[in-house]
Amino acid sequence: MSTLLNVSSGPHVRDKWTTQYIMTAVVLSLLPATVIGVIHDGVHALLIVLSSIIAAVLTELVFDKIAHKPDTWKDGSAVVTGLMLALSLSPSVPLYIPIIGSIFAILVVKCCFGGLGKNFINPALAARCFLLISFGRTMTAFQVDGVSMATPVADLIAGKAVNVTGMFMGSTNGVIGDSVLALLIGGLILWAMDIIHGEICFSVVIAFALFVGLFGGQGFDPRFLLAHICGGGVILGAFFMATDYTTSPVSKLGQAVYGALIGILGALFRIYGSAADSFSYSVIIANLFTPLIDTYIIPKPYAYRRAAIAAQNGEPRKPLFQSIPKPVIVLAVITLLAGGGLSGVYTMTKDTIDEQKAAAAAASYRVVVPGAETFEKSDAVAAKLEELAGQVYGSSFGRCYINEAFEGKDASGNTVGYVASVTTADGNDANITLAVGVNADGVVNGISFTELNETPGMGMRCGDPEFTDYFLNKDVAQFKLIKGGGASGDDEIDAITGATVTSSAVVNAVNAGLDFIHNVMMGGN
Amino acid sequence: MKDTFRGGVHPKEQKEMSRSASLREFRPAGEMVFPLSQHIGKPAKATVKKNDPVLVGQIIAEADGFVSANIISSCSGTVKAVEKRRTLSGMMQECIVIDNDGEFRETGDFGTRIEPDQVTNEQILERVKKAGIVGLGGAGFPTAVKLQPKNPDGIKYVIANGAECEPYLTGNDQLMRKEAPAIVEGMELLLRLFPNAEGVIAIEDNKPEAIEAMRKACEGKGKIRVAALKTKYPQGGERSLITVIAGIDFPVSKLPADVGCIVDNVGTIYAVQRAVLYNEPLFTHVLTLTGEAVKEPANFIVRDGTNVAEILEAAGGLKDGATLKKVLSGGPMMGIALTSLDVPVTKTTNGLTCLLEDGAEVAEKQMTACLHCGRCTTVCPNGLMPQMMAEAVEAGDLERYEQKLYGLDCIACGSCTYICPAKRPLTQIFKQTKAEIMARRRAAAGGRK
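If you read the sequences in order, they're chains A and B. Taken in order, the first sequence gives residues 1 to 525; the numbers are from the working numbering. Taken in order, the second sequence gives residues 526 to 974; the numbers are from the working numbering.
Source of the hints: derived by calculation from the structure; they are not laboratory data. Certain hints may be false.
[Unchecked claim] Quick list of in silico lysine-lysine cross-link-like pairs, DSSO-like style, CA-CA up to 30 Å:
no., chain 1, residue 1, chain 2, residue 2
1, B, K959, A, K300
2, B, K609, B, K681
3, B, K655, B, K537
4, B, K537, A, K16
5, B, K890, A, K69
[Stated by the list, open to error] Sample of chain A residues with no beta-carbon within 10 Å of chain B, all distances over it, derived:
no., residue
6, S134
7, A303
8, A360
9, E376
10, S378
11, G413
12, D426
13, V476
A virtual CB, placed ideally from N, CA and C, is assigned to each residue, including glycine.
Only chain B is shown next, with the shape it has when bound in the complex (with noise of 0.2 Å):
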């Protein structure tokens, strides 16, 4: 096994703010709100309509189709209105709004525990699928799809991924700290699925405790390691950990599990764990509240469709005289900047990040031309020559773009305008080119029909 992937950044981990900080969990107030579309796929059906109650735990919307998933109450009340509302996209998504009554009444079907040994391997889809699980590391895949590949017998690696290479993040860090048994748990349980399997749970070297942690849950189990990787981004992308796991580079156009890999966020298989074992449905997740301007950064067990201000609120707020420049779901390399604070949280956000610089900002005035230098080059994780697809872009050569270059395979990791001394923004240019491309051929589709 390589110790890590080629390329790749090393920005400031500025994780110390937030790292020994333990999970709390915290009631919100104000009103829920709930996007019907919270995951890769078809958004959800809602199955409450304006004044219905609600309990904890109640299934408000139902998935639509295979990909897609369910979406769960996380307070109890009343339906205030099914309509559309800002989210953190910054767009207006339909959403079922509910008023809170403070009380968290819950449904009552989950929370007494089941052993494994009583779960047959039909019951674990099942329950994650009803549990409306989604990938937690921010991609939001359904994850009842994901563990149902074409060829079970195939997949030879689970990857739990608790690398959180993402700077800021500490969510999962904190998670696996606290919750190392239930994890392997987890683990184990999606291990049946794939009798070839053998179960990996990588993490970066920056995070001691929970490696040890980790090490210590799986003590005896023959079909479980730790990997400890270095610390370096992308390494908690899927493709990263698969190089550095399976030894295997493959394109964007195959899955990990085209591979014989399987990949899940710690989060997700805590949540898998929960949902077979307890039969509790996904509606908290763990999330950072960090960023130069917090007062008190916190890991918090954050209940889906809290509101992002009431967050910063619990938290402690801004610091004393501090002005809020950006506010990103998740973490700076990857994160989305929020267009205001009044949004409510999604199953996949698991850190908001509340910056009093906007390092981006600062680039755009640095910016030079092109220097040529190669930085970019020796970055890509995909081994992708960024600098000669931003000057085939800007030469309208798509052409060369998609089949000299490889464009369509980048991953937008952000390393290769992260790392750029002329402040290029390639991963803009790149994002923006591949969404024309897939514009043009769905046009050159519709064209033939």
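So here's chain A without its partners, still in its complex pose (with noise of 0.2 Å):
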């Protein structure tokens, strides 16, 4: 036999399975999603998605050049990023964004941590944060037809109805790739596969709506629930980022843990935090805990268990508890730990919270509305502002609403002035809260601010005496921003460079708490 035989360590065959064989699936599983949102989107989003994953492939190929690296672009990985990416972006994002995205995903989280299989946190989430840090406004814009509109997530956290439907479909406001529908298609098929693993997706769902469920407020309202699981990029997150194999744990129950956290998480933003697309930031958090869950959550093999012990020295089995999946009972208890603790601090911080707010408002009406001694509201007023309770006041002032208006009496029971407190959902970052009060001539005696937390050195100055002053001894009745300078008249004001989202905001709700003012209280005087 002349041959030379190859001669190996077995195992001799292997399953067909290969790495760019999982990357295929994973890919083709987030088509659907894709499809979806190019029809719903157009063209710019299919451009979004085609320059998202080319520059990622090219990035890692350059990588693989420059470092003398075996073709590690060709596994598959690189696309993975960049079409998870795209689907997480807003489809009126230029195309420098998903490039840039890549590029940071592809290089920085990566390949300078040694590529596939050792960066620490998922590279398209970080890169995603990376883009809302550097890009925030462009980021968060949301147009559809050319006009700015808020997600459903961020209607939902301002108490309005939204479109469970159209999140299905992935025809509401948001990224490229949010059609709920789509996406449990394609996560679904990817868990039958055994490609994602249940213990992570289904906790994190599971953890969210519990969490939801508990403190959202409306309790276990299906409908309530719903909304808050189809919205965020929630299922997007579940199970696509989440189930990111590098940054999860290898074990099951670690994983079952690490999907309650990011559950947890996502849903603690969600209902105490303020930004819409917070799920982002709980799975690279939770990616955070990965290695700490890997090092300390490590199955016993089979025969080490209890049980096996026991059946080891021929004692009879106790199948008591052992039918109930352990990863189940660890999450039900962290889940509940978690909830009970926010709960306890929640309930005995929140009267402290009711007072210091109603002071902080009781002192803003005084500063807008001197020489008031009491504030008062007649009947008619309290019956309109329960009226308009929990929704957007009037048509041209953005998301504002009413929150309360006053009457300020001086000490011998005389008017001397009006207050509304406003409160508006366009903040840049946040919602604004304000006090705007009038005399009782109507003319405009300044505003004062009970809730700003906008970007310091932006949005943060309309805070600013220089910016407030605009606002004092105005006898107008409604104000207008104008942006890139150049005011003149009474009811002119210039925009703050730089924060003209937050300047608009607190110009609109100037406008929505004085037509009330004028209009309600005032009864058009």
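Take the two lone chains, each set in its own frame, and fit them into one complex as the hints suggest.
This is how it looks when you write it as structure tokens:
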């Protein structure tokens, strides 16, 4: 026999699944969502997807060449990263956004940490968060036919009804990959193929739903829960982002804990936080816990588990508790503990917070209605407020809500002015609440913020006297915001450079308050 | 009883090639080579020297100590040499080389049947020992030793391993079809040694004919039953069998007998029956010669010491134009790759798989970094975490490997390597690491002396 035989250690046959095969399956499973996204959002969405993928693959290719690495770009993981990033972007972003994002994801998050299997956070999500920080306004601008609109989750947080069917089909305002139905189809196929772990995706959704149900303020109302689950990338996150192999734990129990952590964090940010796209952050934070989970949660081999040791010693088997999978128990305990702890803290601090809020409000009222000793409201005004509760006020002020309105009276009971407290959901970073005062003659007496949490140095400058003083002693019905400077008239206000969104929100809120005072409280005088 | 163990993989069975080929004997013409170490334990001591005449069935090397086994000649002729020859493992080992005269003259003291009730329990053990029977499943542990556990009364199950979970191999399938009554008789002999035990013949459900034949042979034998098991690798591992049949998972530090089980390959049990009732020593065994490269895949009753190339010739040689890529002693999961065809088969060679394609070679080209997909952890039949184990080895943290991850409990079944999409050589790493840890322990023990 002249042929030289191959010699190697066994096994000598291998399963047909390769890294490429898995990556291809993931890409295919994302296709339904991609197709629906492109149908709804147009050709530009397709260009975003393509440029994101091409940038990702090219980045890895170039890195491989420069670093003299084997051709890892062929394994398909860069395609997955590029596609996932694209699907988590708004369809209206300019093309440089996905390109920069993909380069960041592949070069910084993946290649610099050692490539496939070595990154410590999900590259696509890291890139998304990087883009959110770097290009905040562009990233969060969701437009439908050129008109800026709120995403369903923003509406949900603001307490408005949302179109769940639309969210299922992906026709609502959101990222490219926002068709819950398409994502679920792809995700469930991956799960059925055993590519993604049910321990992760289902515990994310279950923990999230449990937490929202317990602390979302509307109980376990199915429509409310469904709306929350369908919005803000929960499904994309649970089935495609959280299940990323490299950044999730290896053991089943660890996976369940990790999934629960994402679900709880996501719900926590959703209910108590302000940003609608917080789900990305919860996945990334959980990613960071993965090494810790893997260090401490190592399942014992079958032979070393309690039941097996009993069996080895000839003791009868005890079926009690063994029928419930351990991850389920752990999941329930974690959710309850976290939830219980939070609700405890919330209850303990709620009264104090309310008192402080009331005091802050009262103080702000006095600022804008000087000379008032007491604040009262007529029954008619109270009824009108009741009617408006939770609804956007008027049609021309964006998303403004009238919280309170009072007549200020001096010690002898004469009306010295009027005040309205307005909250707008159009702030750049968070809700803004302010009080606007008018004296008895209808002259605007100034504004005062009770809640302003904008970007320091930018939106936050709306709270500076240079800006608030515009509103002092102006006998106007409505203010006009002038962008780019050059305000001249009494009713014109210069927008703060670099903070036009906040400026505009503030002016709208003031106008809403003035509108309410002039038309409802002063009866149109 | 659970219907299967946890984990495991299902490689392509590839048994169609040879599964219906009946067992056939063939008489080799060339020289016969008998390595002195064909079993676990001490190598046997040669009792013949150059130019001695030998007969079929003659002991040519004696067990050296308790854990060792006799070596029996399978041909007649003259001893040509006692020297180092290349063996299946690729190493040079001490062998007895016999110039086969082709006449196959027998010693004459075996072949006549005595009835089981005329044999005492002591005689059973004695004959098994004298016959040089070792575990024919592949490990080659001396059977006489296995049949003498510390507490014979504590044995609850004697399991006849007819799972044959290795892909390609079909020898035991054919043996069970043909020799079912003899195997059941062998099982009855074993059960006499363990009064409290039940006999279970475990067969994967991809061998319906064998299951049928064994069931028929078991009729009326109250203490023996057939268990049809799910076809899944490594169902035929003794640990997997015990998990399924006795419901016990146990660490590698324990022996099956410690948890009340004795597991023997059906081939071994057949050999026990031959040895006890016919006084026939072990010099033949079942061997499947198969693989895509072979012209006529076959199931042989092959004589120990036969040259591999000669067996291949007996099966019609290679397919026309076929280029042999890899030849395995055994099946593709745990088989050992041969360096050359000019080596003899030993007692434990249950298969020769001749491949046109080398999965390991293909895998090497497809290898990527570990994805952490966790597929290895779901297939490990022992519930180990291969991915973490490999990482611990990579990080040089042998303490974590051993203490936290129970790395030494790896049975090297190859399931994790088989399933790995990144094509990491996991089993190879674990085998190497185990050897390294053992070497360190020996060095530490030596240092203390």
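Hints and how they fare:
Restraint check: the Cα-Cα separation between B:K959 and A:K300 comes to about 19 Å, which is no more than 30 Å; the hinted pair holds. Between B:K609 and B:K681 the alpha-carbon distance is near 43 Å, which puts this suggested pair outside the 30 Å criterion. Restraint check for B:K655 and B:K537: not satisfied, since their Cα atoms lie roughly 39 Å apart, outside the 30 Å limit. At roughly 10 Å between alpha-carbon atoms, B:K537 and A:K16 fall within 30 Å of each other, so this suggested pair holds.
Annotation: proposed proximity of B:K890 to A:K69 holds, straight-line Cα distance about 15 Å (limit 30 Å). For A:S134, the condition that its CB be more than 10 Å from all CB atoms of chain B holds, with the nearest at approximately 29 Å. Distance check on A:A303: its Cβ comes as close as 4 Å (rounded) to a Cβ of chain B, failing to clear the 10 Å threshold; non-interface status is violated. Under the 10 Å C-beta cut-off, the non-interface status given to A:A360 relative to chain B holds; the minimum distance is some 50 Å.
With a minimum CB-CB distance of about 65 Å to chain B, A:E376 clears the 10 Å threshold, and the non-interface call stands. A:S378, annotated as away from the interface, keeps every beta carbon of chain B farther than 10 Å; the closest lies near 66 Å. Annotated as non-interface, A:G413 keeps its C-beta farther than 10 Å from every C-beta of chain B; the closest such distance is 74 Å. Listed as a non-interface residue, A:D426 keeps its Cβ farther than 10 Å from every Cβ of chain B; the least gap is roughly 43 Å.
Interface exclusion of A:V476 from chain B stands, the closest Cβ pair being 63 Å apart, more than 10 Å.
The earlier numbered hints that this structure contradicts are 2, 3, 7.
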